[in-house]
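Residue strings, one per chain:
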Amino acid sequence: MSKKVGKKLLEINDLLIEADIEGEWKPIINSLSMTLERGEIIGLIGESGAGKSTFGLTALGYTKPGCRIVSGSIKLDGVELVGKSDAELRKIRGNRVAYVAQSAAASFNPAHTLAEQFTESPVQHGKMKMSEARKRSVEMFRLLDMPDPENIGERYPHQVSGGQLQRAMTAMALGSDPDIIIFDEPTTALDVTTQIEVLGAIKEAVKARNVAAIYISHDLAVVAQMADRMMVLRYGDLIEEGNAREMLANPKQEYTQKLLNVRSQRVGRTGLDEEDIQLNVENITARYPGTNIDVLTNVNVNVVKGKTVAVVGESGSGKSTLARVITGLLPPSQGSVKFHGRELTPALKTRPKKDLQSIQMIYQMADVAMNPRQKIKDIIGRPLEFYLGITGKQHDDRVLDLLRKIELPEDYAERYPLQLSGGEKQRVCIARALAAEPELIICDEVTSALDQLVAEGILDLLLNLQKELDVSYLFITHDLATVKAIADEIVVMYQGGVVEQGAKADILAPPYAPYTELLLSSVPEMDPDWLDNLVEKRQRGELPTSESLGQS
Amino acid sequence: MKNILIDIVLQRLVIGIFILFGVSILITLGVEALAGDVCSAILGQAAEPATVAACQAKLGLNDPMHVRYGNWLVNAIQGDFGTSLANNREVSEQIGKRLGNTLYLALTTAMFAVPIGILLGVIAALYRNSAIDHIISTTTLTTISSPEFFLAYILMAIFAVKLGWLPAISNVSPSMGFLERLQASALPVATLALITVAHMMRMTRASIVSLLASPYIEMAKLKGLTPGRIIIKHALPNAWSPIIQVVVLNLAYMVVGVVVIEVVFVYPGLGALIVDAVLNRDLPVIQATAMVFAAAYVLLFILADMLSMLANPRLRHRR
Amino acid sequence: MTYLSAIWDDLNLSARIGLGIVLFFTTCGIFAPWLAPYSESQIVGDVWEPLFGEFFFGTDQIGRDLLSRLIFGARNTMALAIVSTAVSFTAGAVLGFIAATMSGRVDQVLSRIVDVCISIPTLIASLIVLSAVGTATQTLILVIGIIYALPVFRIARAVAMDIEVMDYVEAARLRGEGLWWLMRKEILPNALTPLAAEFGVRFCFVFLLIASLSFLGLGLQPPLADWGAMVRGNADGIAWGFLHPIMPAACIALLTIGINLLIDRWVHKASGLRDDQ
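Chains as they are written, first to last, in my numbering: chain A, 1 to 552; chain B, 1 to 319; chain C, 1 to 277.
In short, the hints are calculated from the structure, not lab data. There's no promise every hint is true.
[To be verified] Pairs of lysine to aspartate or glutamate residues, derived as EDC-like cross-links and limited to a Cα-Cα distance of at most 16 angstroms, are as follows:
| no. | chain 1 | residue 1 | chain 2 | residue 2 |
| --- | --- | --- | --- | --- |
| 1 | B | Lys233 | A | Glu116 |
| 2 | A | Lys405 | A | Glu468 |
| 3 | A | Lys203 | A | Glu468 |
| 4 | A | Lys353 | C | Asp10 |
| 5 | A | Lys349 | C | Glu177 |
| 6 | C | Lys185 | C | Glu164 |
| 7 | A | Lys353 | A | Asp367 |
| 8 | A | Lys467 | A | Glu500 |
| 9 | A | Lys349 | C | Asp236 |
| 10 | C | Lys185 | A | Asp378 |
| 11 | A | Lys354 | C | Asp162 |
| 12 | C | Lys185 | A | Glu385 |
Remember, predicted model here, so these are calculated numbers, not experimental data.
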């Protein structure tokens, strides 16, 4: 290949992008610049609204509908992309620059097989004949460690698991031997154990082909495994840029430091009476109506008063179903739920108000957990009226009091949920739960939909409230970092059963249960060498893999 | 995989039979309400009470309702829908002839309307928000907003009265040759086709536009594919399912649309038959014709359901 | 006033045209007795006097002023359609919400009944029922209202089901709220916007159905002016080259177009879809 020497592969200068936000053009990328060398991987990091995806996609000369490039230049191998016609840009897309989307399940066309979609780019761009492209697909599927690479291409997207699809998408991006691949949060939608395997495969493949990449993610620890260089973005501005190792070791900006510190541990509560068991889930087996598969089998969980029990597991582990059983939404087929030693009726409808009041719930998506047509004061106020019969002036005072507790200004009482940010909404949901004066709050993935720093704030708030009110939490999450941060006790769930329950210190220290060890070892750490070391250890059999567990 | 398809077909058919059974009961109930004074309507207000009673006995109106329903159902399943009160002819024979005419009308219309409707829909979706799209969309909006008889009379005023090219009254008969028949039914076919094309175009456009927002279409763009290839290779295979539904549902719409159009053009079809029967209180004819309309409707709905399921790639290639 | 002008600003050209058409006919309908030069039943001239002559739109098949009858027709036909649609929405939405909120057996029974009833084409069903029970104005309203309650039931149920799966409804259930609260406070306020757009769509259907029915001779009774019946009454004129039957038919078409233009925008906004790519 005769490529010019001395020029940067990609050079973006002073790029200004505006978006149509309710009829007004507002800047979402403020004069950002970026350079990329051949074979280099740059990480774009930021929370939602940082503009990292928008910025990354410009390497394709592409902006999402409703966005426009106002000024600046994008040079690929010295050739300007801004202002090029669609026909000219098409020659670049999928050919010299390829894209890997966040949701492979939605980004693969359900009507065609993987191989058909793989061969499309190289054949359409005239790089290969169909037969060559087919051969190449097998080669690339093998490179990405996909099972049965010779035949998996004949499958349709919905016949392949999420982790495999994400690999297939990376393989497809490599198909036409591009100079640059843009990875847009490629592992965010995956379970943590799957994420690590896909991440390993992507890293190996990218290295093997020596292709340059733009890796977009909100997760600093993930980017740290992939990138040579990193750019931290916030609200369309550059916060910090530099060598990945240096930035991790020595972040210069306060915002980067904050992002780095999100996984700090908090000390568990001590000095509580271990015998004061509040909630007792005994031998629960449950299935959804109309199905014949048990989602939970023989599950036992205890919650001690005033403590936080974290239920951790991947998707399909049954952790959310457990919450539905405890609240009475899903009566179990066997077993019982006891509260202070007294058995609760299985179905919600037959539970007395007092029982309903003492167990409250907070949801993952605060947006849909609040009625958009009700004011905040009505949302928070309803439990006061409903359970405690408080009305009039006293009612209004209590609402304001609760707003102060969740650190929101008093005038929020008159607002509607739509006028609040994600974190503020979740705070209101906390206030609504507190208004009932419950003894136990079930928190179902309450921080998963939030940006890391906002999530941090919510966790702090929950812990402070616990100290003040002595309420217990059943904290359901897939995120081990969150578990480490707030749990007193941990319940590990896997495929509908409890793997183990115990104090945080015991669960998180050896000897580990094999699944717990797999889970723990899969959580990315802020160490650029972590992934390589992990892959090595797993290959040597020192750490379990999901395959080794599946066989056992 | 075969089994799943057969299961789906069987399941829908069973549902369809149950629905038709319910419909037959409902129609009987409706006709029952009509039956009250049918004899005095036939014989005139001045008729002797004895004659009226005899008439009622003849029609079996003295039997309890469930007995009459049972008799009707047993006979109907064997293809015997009784005799017309108006002209004493076999209802099944009358319906048979008329059904043929109506089917001819519907199928001829479909032959023109389906390809044109889908084509216009795809064009409008491809060039959405362009001048072509606006013209197509506005024209079709006007068409679907107009009552059938408005279009019918306008076409009649132009082509039959003003220009004298086509007959205003569509008198088709079995002895006619193909071209003669086509000319005789040109106006009702054109009216029906205008409306069907409009509906079909709008629904096709809507389903394709909603498809074009899917991530895999964005992915196809980012793979550098041409707009034509994106539509044909990536949008269309997934659009079949909704488009088939559009086509069949519009055929169902035509079932009802023919009623008014047949009346306007005095076309000897089922629609004109049921309107006449209703005005004459010809119970057996009403019951039978309504049943035929409902059956056509139910069958088409089931067909739409089945076909769109079969066209869905996720269902065709099971895990 | 600022609210009204905000709405106006929000409308695009076609929606504004639609609004204009709807307002025009509504005004005609409300002020019919003052706007019409003659009464709806008065015979003022010869049969089918020409258009734009002594009488602006000529006279009808028995010599009544066509313009006056069109104006009164606006009043009668629109009022009938609005009231019928309102009946269908009240009945359909209440039952649909009940089915969605109670779910289980109640939902099953109601849905199956509607499945069967809806399999009889509306026009056929109304033909049979109306010829059985007569076409007094109240009967018309009731029959059309009930027949159109069926599709409204399905829509309302679907809308309520979409809301029903929201966490805030589950939160209210967990709180122990009763059925009445769930329907009134959680579901209804959120269902109003989609249902309002649907009201316009359904109004057009009802309006066209009424036009067809009265065209077939099962509408408002003479001498009440009714657009559909006026088309039928004047239909024979076509053969003689008179355009009189086209006039009321055009009114029906124009009003429906107006409503559709207005609603198109609304539905578009409510769905939040953007198709500018």
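Violated constraints from the hint list, given by number and in increasing order: 3, 4, 7, 8, 9 and 11
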